[in-house]
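Residue numbers (the numbering used here), protein chains in the order written: chain L, 1 to 712; chain A, 713 to 1424.
Derived by calculation from the structure, the hints in this document are not laboratory data.
It should be emphasised that the depicted structure is a prediction, and the values quoted were computed from it without experimental measurement.
C-beta: ideal position from N, C-alpha, C; glycine also.
Just so you know, nobody snuck in bad clues.
Keeping only pairs whose Cα atoms sit at most 25 Å apart, straight-line, the calculated DSS-like set for lysine-lysine is: (1) A:1367 - L:543; (2) L:621 - L:543; (3) A:1367 - L:621; (4) L:48 - L:38; (5) A:1219 - A:1255; (6) L:655 - A:1255; (7) A:1333 - L:621; (8) A:1333 - L:655; (9) A:775 - A:750; (10) A:809 - A:775.
Only some residues are given here: those of chain A computed to face chain L with a beta carbon under 8 Å: (11) 891; (12) 1153; (13) 1331.
Number of protein chains: 2
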Amino acid sequence: MTAPKAANRALPHFFQPRSVAVIGASRDEAAVGHACLKNMISCGYAGKVYAVNPHADEVLGVKCHPSVLDIPDPVDLGLIVVPARFVLSVMQECAQKAIDSVIIISAGFKESGPEGAELERQVAAFGREHGIRIVGPNCLGIIVPAIGLNASFAPSMPAAGQMAIMSQSGALATAVLDWAVDQGFGFSKFISFGNRADVGFSDFLHAWKDDPDTRVILIYMEGVDNGATFIEAARQVSRVKPVVVVKSGGTAAGARAVSSHTGSLAGAESAYEAAFRQTGVIRAHSVEDLFDYAIAFAFQPLPQGEALGIVTNAGGPGIMATDATERAGLRLANLEKATVDCLRTKLPPASNFYNPVDVLGDADADRYGYAASCLISDPNVHAMVAVLTPQAMTQPVECANAVADAAGRQNGKPIFGCFMGGRMMSAGERRLDDRRIPSYPVPERAVSAFAAMVGYKRWLDRPAGQPVTFEVDRDLARQVFAQARQDRRSDLGEVEARQVLTGYGFKVPAGRLAHTSDEALAAAAGIGYPVVLKIASPDILHKSDIGGVRVNLTSPEQVQDAFDLLTLRARRFMPDADIWGCLVQEMVSGGREVILGVSRDPQFGPLLMFGLGGIYVEVLKDVAFRLAPLTRDDAREMITEIRSYPLLAGARGQKAADSGAIVDGLLRLSQLVCDFPEIVEMDINPLSVMDADHGAVAMDARITIAHREGEG
Amino acid sequence: MTAPKAANRALPHFFQPRSVAVIGASRDEAAVGHACLKNMISCGYAGKVYAVNPHADEVLGVKCHPSVLDIPDPVDLGLIVVPARFVLSVMQECAQKAIDSVIIISAGFKESGPEGAELERQVAAFGREHGIRIVGPNCLGIIVPAIGLNASFAPSMPAAGQMAIMSQSGALATAVLDWAVDQGFGFSKFISFGNRADVGFSDFLHAWKDDPDTRVILIYMEGVDNGATFIEAARQVSRVKPVVVVKSGGTAAGARAVSSHTGSLAGAESAYEAAFRQTGVIRAHSVEDLFDYAIAFAFQPLPQGEALGIVTNAGGPGIMATDATERAGLRLANLEKATVDCLRTKLPPASNFYNPVDVLGDADADRYGYAASCLISDPNVHAMVAVLTPQAMTQPVECANAVADAAGRQNGKPIFGCFMGGRMMSAGERRLDDRRIPSYPVPERAVSAFAAMVGYKRWLDRPAGQPVTFEVDRDLARQVFAQARQDRRSDLGEVEARQVLTGYGFKVPAGRLAHTSDEALAAAAGIGYPVVLKIASPDILHKSDIGGVRVNLTSPEQVQDAFDLLTLRARRFMPDADIWGCLVQEMVSGGREVILGVSRDPQFGPLLMFGLGGIYVEVLKDVAFRLAPLTRDDAREMITEIRSYPLLAGARGQKAADSGAIVDGLLRLSQLVCDFPEIVEMDINPLSVMDADHGAVAMDARITIAHREGEG
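Chain L with its partners taken away, still in its complex shape (with noise of 0.2 Å):
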């Protein structure tokens, strides 16, 4: 009765159904259920299509059947617009009828309150249970142009192209179906999957990764509900095709709005950011970028490096398109003389042979289509961007001409239109897409598609990368959690947090727990004056703000007083805390202080931060976030993208520190807290990271422990 496995992942019959059935097709105009069937029968569809219905003999002239059962040949795909209350029976219907997937458009689920989500948890339990795979509930439904398959009640029917969608919000789906038909885009699949009850971003992403028909995947979401299989399938995915996000609920203000919209969890944002970008998905920041980035990858090639060039016939959108690649971080490419040369041939004096390439304003499309000719052929220039304004002379359409036909020499090389005007310019914009060159109204925009291209053509160009393991005392660590547990207690300060570093490969200064001031004092002469002394109690967690750390100790009678001072001043500010004693530890200087720490979104799992000690941490909030488990790559970015990593590179005449221990540690404590769930929170601060190839010493560091695992 199952469909196989390997077939449910591709999700064959809801993309390719030979037969659908609209199971609640109404006679009412106004239903859902009449604009489903009526989409489904008037969009060329040519499977078989089905209605249910037991009050109608017929709608709009399908026959219709009491029931599924009752549909005397095989259904692929079953369309569900009956109420909430009645879905449950409907699906025992299609599970007899050997239905293994469904759409239900209908609403009254989660989004409705508890009485609702308790609905769609037996709903999705029972299409579990018998092998159904289900879009919905409470969608807009699916539709795939190529083949006239139109399973939704979406009031517009777009053209098939290259570009795949999926929107979690049916509302947002609609209004850009009907801007794409308004633009003439075109989709080879468009996805609304509500609830996400069972399908949802990673089914689909699979599911399109080989379709040949998709260019580019692009997605609208306001959260994810398993961060960890998203990011297997979108590594996966995006290593073979782009996927463009644009992802809403970012701020506080917004992920409140989720919270109150779909009930989704709306996961912090420097999570989404890490996972987008430790996986090559591209961030857009609006539905506008999001269609300028996916008409430049459905249509062009990938570039092979930054450096873009420019023709134009007037030279105030140059300059913008200038500007605007100087602010992506990206450059103009430097002309070879032979370029400079055969522009110079052709075009007149006054021109600039200079990238911009300003041909004027009295260029035709001759003189227009001979410099774009001559710039993008130029082994310097990796894209180009074709600027056009509306002069007396111009030819919009010859020009758009020109450029597909030089693009069309090229490979390799995207292109990017920029025709500037309005009704002047509207013949040769259309010229550009029915040649396949994506058009922008100003030249920013531009540039920021073949921005988002470098970046993703620079994710390609990087090796996959592993999570790194070392050889490590997993089962130090495990005791100390046990113990830790067994107190119950959450927090774990220095003392236990050093042990689980030290199993964990980290270098920690030499030190012991001094329960006494005698014990203190052979500490002290054992490891080697001057040391320091920091009280020890699993209770106080910020021995400093309580002045519970002495420093520089050079002699004993100052190791006695210290201890003296720390055990009785601790005892004083907390009468009924654990007073262990003190940590004696070498006296350790000459080091960068930097921090490493874990948060746990609640999507993601473990998030590593790293960031330099002191203020640029707290008052200039200048850290880097990045997933666990960490490939070296990773490790490496967290470093050198923080804006204050030129005091770790050598600024002002300092020495380069030791970014390969940094990287060492971080990597470490990836693989900490993933062999450890129950770390809810970790930091290593300070790490003192020495001058380059001088290692790095784990000075401090507290630990935060849920008593089961994925408790806060």
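Given chain L, work out where chain A should sit, using these hints.
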């Protein structure tokens, strides 16, 4: 023969001429002189139009005169379209004819090379001598739609409206015009002023300040020639109506493109940024932004605060609007209980009654309008974004009316429409336009326009402020500069800079120049130990770099040793240096180090910089710029806008630093560089700032002067 100065300033004959002569009216349909005459007679202009062409009897049915001198009646405006070489003689005839305003369309001037530049200088000089104001040369011309005046060769005629625009680029103007006609945007005045031989940015700003037809002034700028004139005009005008600028050529590569384009000198981006900020000019970052802001300013009142209300029929776009609001540093309004109750009475229970207010996808115009009306009436709401997506029940036109009606019942609350979609929404969007509700394709752009309005309103609310001046000893500084000039030195080191600073009321450490070690010992005894010794030589500006500073000297022996070491080392380092001896200085400690700097921008003059000392300036480039003269608010903002400001305000348990002393220092520095235009560069580095109310001490400084004013 010349018009009175005041009338000139208002440029009446450019915008309300009673008669226009097209000088160079051509029979050739492809000629610019033909297009100009055609525009003059076909766009509804009610004044007299004369054609001048010695080789034709009539063109386009207009009788041709051999010269303007043959025109029997007075001519207010000359539209000159003859080849460049004839322009000067045409100007002579215009002068004889007492024409006081001309537009020179003709190209072949500054933009074409040295000869053209010389011709342009002659034309401009002639205009000045004979009281003829000139727009152009090398320009598109002037359009005033309300009176049907199209004194240009632009291929389209825009509608009348309340936006006035001036463009430094004719090509961009043409593109904007074509696009505006397409979008239905109307203009009060439309100017492309080309090479600006005479009339430029400032003239039009003044002319439009009190123009009742103009609500917002738009500028496309590549660079200004006279920064001071622009600043004076912009400051005055933006107090009266918003001025929005899109400025290109900002980045280094962009600036190169400007130079090769119009020969105009692009000033440093930070000077422009400061100029716009200090004059209340609103900066747009693309032509798209420019019009996004323009329609908001043209159609809507300014908001009284930064709290936004959002009404939507779809959750997703509501979240996007929310995200954009927070990213822009604005906030969502907290609705009053009465508003929430008002919403609850009529909206379905599944709606969101809090901001963003979600009326659900099945909302008709009644429900949508009711919610919009409740929301905009809330006293906590300063502005509203109305988001609509095309669902089955959506009534875009009726919703547009409802939003406009709700807006009409409020004062001072701007409304922004965001009807997302294509064909289904276009009638609704047109209705928004008709009802003067600015409309945007995505929520992010609506919020961005709102943010521009909030920024402008804040600027208007700030008292205008006056440059602050102190009682200073200007003669002391004058003597120092005179001496340096006499010695033919450009670089003034610490010894001389100390005198200048002392004259301008800066506190400097007690100190004396010692020519011998005996003098050093006497100085140290007089100042009191500990002291600092610094090598004193006009040839050594970077003292630390050669080991020329010794701090914390606590005994005569140390002073003796340091004096010998520093002078010997300096001589070895630079045998030909003029070594004056050592500066013996009071040791000042406990302050936080900041830098006050000055550079001189070619267009805008002295540009002041502020930042925290050391890495904050050198590595993190965390600095603020303002143009002199500073107001007290300018100086305060410089301090608070740097990212590291919390370090001065008292982060991490530190006391606050004496910000007042920094403000004082910036104001005194501003006065100094305005008093002495020969100062081209200057650093007070560091200014050591004590805790609040304890002042600041200028620890070291250097000054570079030009030998003639303006020389580098």
